[in-house]
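K.L.:
Listed below are the residues making up each chain.
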Amino acid sequence: MRFAKLILKNVLRNKRRTLLTISSLVVSLFLIISLATILTEFERGSQEANPLRLMTRHSVALTFLLPIADVQRIEAIPGVRKVMPFTWFGGIYKDEKNFFGNFAVDAKKMREIYPELKMSDSEWQAFMADRQGAMVGRKLVKLYGFAPGQRITLKSPIYNKDVEFIVRGVYTGSDEKTLYFHHDYLNELAPEWARDKAGMFSALATSPDDVPRISQAVDSMFVNTDAPTKTESEREFAQSFEAMSGGVKQFLYGIMAAITFSLVLVMGNTMAMTVRERTKEVGTLKAIGFKRPTIAALFVGEAILLAIIGAAIGIGGAMLLFRSVDMSLYIPGFFVSFIPETETLLAAFVLSILVGIVSVVYSTYRVTGLTIAEALRSTE
Amino acid sequence: MALPLKYNLRNLVVRKGSTLATAFTIGLTVAVFLLVMALARGIDQTLSSSGEPLNVIVLREGSTAELNSSVTREQFNDLMYLDGVVREGDQPLATGEMITLIYKPRKGMTQGSNVTIRGVGPMSLKLHSGFQTVAGRSFQPGLTEAVVSKRIAERFQGLDVGDKFRIQTTDYTVVGLFDSGGKAFESEIWVDANSLSSTTQNPTFSSVLLRARDESALSALTKRITDDPKLHLKALSERTFYEDQQGVASGALKGLAVFISFIMAVGAGFAGMNTMYASVARRTKEIGTLRVLGFSRSSILIAFLLESVGVALIGAALGILLTLPLNFVSTGTSNWATFSEIAFNFRVTPDLMISALIFGAIIGFIGSLLPSIRASRFRIVEALRA
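Top line first, the protein sequences correspond to chains A and B.
The first sequence begins at 772 in my numbering and counts up by one.
The second sequence begins at 96 in my numbering and counts up by one.
Everything labelled a hint here was simulated from the structure, so no lab data went into it.
Virtual Cβ for every residue (Gly too), placed ideally from N, Cα, C.
Do not take every clue at face value.
Here are the simulated lysine-lysine pairs, DSSO-like style, with alpha carbons at most 30 Å apart [unchecked claim]:
id: 1; chain 1: A; residue 1: Lys926; chain 2: B; residue 2: Lys245
id: 2; chain 1: B; residue 1: Lys329; chain 2: A; residue 2: Lys865
id: 3; chain 1: B; residue 1: Lys380; chain 2: A; residue 2: Lys926
id: 4; chain 1: A; residue 1: Lys1051; chain 2: B; residue 2: Lys245
id: 5; chain 1: B; residue 1: Lys202; chain 2: A; residue 2: Lys932
id: 6; chain 1: A; residue 1: Lys1020; chain 2: B; residue 2: Lys349
id: 7; chain 1: A; residue 1: Lys932; chain 2: B; residue 2: Lys349
id: 8; chain 1: A; residue 1: Lys868; chain 2: B; residue 2: Lys380
id: 9; chain 1: A; residue 1: Lys786; chain 2: B; residue 2: Lys111
id: 10; chain 1: B; residue 1: Lys245; chain 2: A; residue 2: Lys1020
id: 11; chain 1: B; residue 1: Lys199; chain 2: A; residue 2: Lys786
id: 12; chain 1: A; residue 1: Lys868; chain 2: B; residue 2: Lys329
id: 13; chain 1: A; residue 1: Lys926; chain 2: B; residue 2: Lys329
id: 14; chain 1: B; residue 1: Lys349; chain 2: A; residue 2: Lys780
id: 15; chain 1: A; residue 1: Lys1051; chain 2: B; residue 2: Lys202
id: 16; chain 1: B; residue 1: Lys199; chain 2: A; residue 2: Lys1020
id: 17; chain 1: A; residue 1: Lys1020; chain 2: B; residue 2: Lys202
id: 18; chain 1: A; residue 1: Lys868; chain 2: B; residue 2: Lys111
id: 19; chain 1: A; residue 1: Lys910; chain 2: B; residue 2: Lys349
id: 20; chain 1: B; residue 1: Lys245; chain 2: B; residue 2: Lys380
id: 21; chain 1: B; residue 1: Lys202; chain 2: A; residue 2: Lys1057
id: 22; chain 1: A; residue 1: Lys913; chain 2: B; residue 2: Lys380
Which bits of chain A does chain B cover? Going by a derived footprint, with three or more residues having C-beta under 8 Å, they are [unchecked claim]:
id: 23; stretch: 781-795
id: 24; stretch: 822-834
id: 25; stretch: 923-931
id: 26; stretch: 1114-1128
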């Protein structure tokens, strides 16, 4: 700490260089945090999955439907509390760009199977009482201005139907970009091929320990029928969707590695210039008795200080931006939120300091290794 | 009078560490830009090459993809005898095809994606040009046999020649692998349409393909079918159909490319500025000397700008070299519109490389503008005394 003041003075010696280096650090860290957040948001579905829930679908692919009558049979399996149909409607609101998920569910069982979706008692009652009713996530209200009582029409290319719903409740919690409506209503207007059929089943178990046994029990129950099933815990189900994107994850990691490497080059180059310019000073410091480790610590300390300032602004900026502006409203697709994880921010901080240290090691080693005479004779 | 380029070149060599670091920083920025754009380009090219210019695709009115479309066999019989459809002998060049999906794990993973299965008719091969069996043989009509695109077989488990997969309760045997010259069909498994419809107990087609006699027959046919109030179908050129699908995935990638490369460029620009300021400061005396020798302010400005743009171009070239090995590497992702796999190649095309060079040069130019102006503004006496 004795040298803190000297390090600070050194940082401020070439203000323009310090400013440029820190700026470069800030934008790179911001970018890394943004990309890492894409990754964590991508996996939010499986990370926040309810350990009590299971999803059942047709074992061949999602396009094949399951008979609704299976619901009773699954519900009879010991350890299963509630089961309901859960069908992707694929409805489009006005324009294909307005993408949000919409599912047909059993309104009476919804509250018990999805306790994380919060609505007032009166809203739940209104939703259950109206066959045409729909419950919408808070973010859909923000995006499209849906209000209770409003009639909205979704056009489903799958069912080839325009269907009108009445908003009966606005829920918060979990994925706030989805619309749920009555499966009975869907069944009423479904074409013949989809009548009394569901895309998936969502089941709630009494205990998480039962989940693996239940999933096996369900699948073996239907293995020799026309509609064999594949039942997974909600986590596995979400993971299978996340896996569909294929190499996206590795791709983003690759880009983050490239950004980090270029950051090392940028910092390394700057620190090399800084250290080399002070070769003569190193000679002077050595001449008045400072040892090599102390001088090296001055340089490393300077790099770490730069890294800390850069990280503070970059991380603070990203946090401020993503907390105050909900990017998930503007990014099309499946992102239900866009908030950097604390782990991401910590990792960015550690990364920044590591980059700072790595960038200064070589030039420090070279310059502090010179003898007093060599250093003083330097023309830098 | 302009400064000889040799002056710049020597300067770069003298400070080779710094030059290389700056060039690499710009190179990495350019490489990331190219990488993401090459993915978007790969998707675009796969889809835009998939439609034949004279093919008409017929879908159910209101459907957005073959997967959620349906055309009955009766409708197909009416469609194929419409005026303007090419005849092959006495048979119209028309086919009904059906689409379904099958979930398959990727190689080396427990999770996978949905692979598209296309049931094709006897005329399908004539309507989709470029189809080639590269291993095994083609499937026998009427049997539960399948041919799998080579790329899909390489990426997913259990789809090689001799393997079996199950649709509903029927096992299909893979008898051959095919490629289709980079078209979207390389994301698919092909089986006989009649076998598939008896397996799924669904006689309706997903789509119908017709070959129009010429351009004018094509527009007449699409209009005739779409406008028929009894049919409830829509017809469009196959080329338009595939090009319209580019939107989501490649649009998102292009957006990502712009976002990432813009921020990286800002970072690289700051770094370049730092290097140039240091270089100008170190060469103050030298600049004074050059001015004494009679070189003007503007020639010094130009010399410094040229030097950095040169470094940036070297960097951009390095970036292009870094991405070139990825050209034609096959990859795949989910088409989020239908939840099915699309396989495609990275495509580092010449026009992308030129954009990359220009992008690099712009970073170099903007990053060095202020330091170069500073260099040209030194007063001779002060510069010499520095």
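K.L.:
Of the numbered hints stated previously, which ones are contradicted by the structure, given in increasing order?
P.N.:
Of the numbered hints, 1, 3, 4, 5, 7, 8, 11, 14, 15, 18, 20, 21, 22 and 26 do not hold.
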